[in-house]
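*Asks:* With chain F fixed as given, assemble chain P onto it according to the hints.
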Amino acid sequence: MSHVHETSADSSNRVKSLVAALEAAHVLTERELDAAVESFLVHAQPANGARIVARAWLDEAFRARLLADGNAAAAELGIDLAHWAPVKLRVVANVPGHHNLIVCTLCSCYPLALLGPSPAWYKSEAYRSRAVRDPHGVLAEFGTKLGDDVEITVWDSTAEVRYLVLPARPAGTDGASEAQLAALVTRNGLIGTALV
Amino acid sequence: MFAIGDRVRARVMNPPGHTRLPAYLRGRPGRIDFVLGTLPFPDARAAGVASAAQTAYTVRFATADVWGADGDPRGSICADLFESYLEARE
Numbered sequence: 001m002s003h004v005h006e007t008s009a010d011s012s013n014r015v016k017s018l019v020a021a022l023e024a025a026h027v028l029t030e031r032e033l034d035a036a037v038e039s040f041l042v043h044a045q046p047a048n049g050a051r052i053v054a055r056a057w058l059d060e061a062f063r064a065r066l067l068a069d070g071n072a073a074a075a076e077l078g079i080d081l082a083h084w085a086p087v088k089l090r091v092v093a094n095v096p097g098h099h100n101l102i103v104c105t106l107c108s109c110y111p112l113a114l115l116g117p118s119p120a121w122y123k124s125e126a127y128r129s130r131a132v133r134d135p136h137g138v139l140a141e142f143g144t145k146l147g148d149d150v151e152i153t154v155w156d157s158t159a160e161v162r163y164l165v166l167p168a169r170p171a172g173t174d175g176a177s178e179a180q181l182a183a184l185v186t187r188n189g190l191i192g193t194a195l196v
Numbered sequence: 197m198f199a200i201g202d203r204v205r206a207r208v209m210n211p212p213g214h215t216r217l218p219a220y221l222r223g224r225p226g227r228i229d230f231v232l233g234t235l236p237f238p239d240a241r242a243a244g245v246a247s248a249a250q251t252a253y254t255v256r257f258a259t260a261d262v263w264g265a266d267g268d269p270r271g272s273i274c275a276d277l278f279e280s281y282l283e284a285r286e
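For the record, the sequence lines run as chains F and P. At position 160 of the first sequence (counting the first as 1) the number is 160 in the working numbering, and the numbers step up by one without a gap. Throughout, the working numbering is defined as the position within the second sequence, counted from one, plus 196.
Since the hints were derived computationally from the structure, they do not count as laboratory data. Please note that the accuracy of each hint is not assured.
[Said to hold, decoys possible] Coverage of chain P stretches by chain F, computed from C-beta distances (three or more under 8 Å per stretch; other residues unrestricted):
| hint | stretch |
| --- | --- |
| 1 | 197–209 |
| 2 | 215–223 |
| 3 | 239–252 |
| 4 | 275–286 |
Ideal Cβ placement from N, Cα and C applies to all residues, glycine included.
For reference, chain F alone in the conformation it holds in the complex:
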């Protein structure tokens, strides 16, 4: 493994060179590439994650199915994870005394289909290296102060598995509709850097 870390400018230059070479070789055109990227991203919306969570808060049986088989439960809501890549979805639930946090220490694996493109900090070396060592400290820097007695499991996405945190349902939301509950769900809540 190389310990020379590539900067984003290096990666960007490499992508430009690769695209230019593929165009020169008539393997693809820039228009085809744009269409492929658009198709990849158009259905990748944070609203997908929010809908899944709101349904799980309202429907105990759905929650159980979601925790047992994330792909099948997402498909019930019309979200086909295979549209993007053949990944396995695992949903991990926050419960009293136990919190979950998601990271990819090796690169930037992220549940894109359910949260949209990842924020820059998720890909930063600081987050990736510190989340696994000092999750309480990292969460505090996000303004999320968990008691010392709260156990944190950090999920390092090292294979073709994507993780989503199922936050605890906020207090005082009895009687809220699924749409009202979905509106409360935040991206950071589903990564685990915030509570909902």
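*Replies:* Using the frame of chain F, we list chain P on its own:
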């Protein structure tokens, strides 16, 4: 093959090519938390074997077993690791 609850250790290995066994977990003791089934095996795919696949497991490590006294004292780290990254331990 491992089963949920089995005691395992991430192998100490430094292959010349690609691997997705994080360096910070090599040599660390953990337990099988979940059996993921067969997944694409990146080490062999990176070497040109496009169809390579292997059984993968979610392995739970106590944070203290990974970082010692400098890590979160109560928490744990779960990583998705392939069969060939793991060995059984007593």
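*Asks:* Look at each hint and say if it fits the structure.
*Replies:* Each hint, compared with the structure:
Residue count for the stretch 197–209 of chain P with a Cβ under 8 Å from a Cβ of chain F: 0. That is fewer than the three needed, and the coverage hint is violated. With 6 residues bearing a CB less than 8 Å from a CB of chain F, the stretch 215–223 of chain P meets the requirement of three and the coverage assertion stands. A count of 1 residues in the stretch 239–252 of chain P with a Cβ less than 8 Å from any Cβ of chain F is obtained; the coverage claim is therefore unmet, three being the minimum. Evaluation of the coverage hint for the stretch 275–286 of chain P: fulfilled, as 4 residues show C-beta separations to chain F shorter than 8 Å, against a requirement of three.
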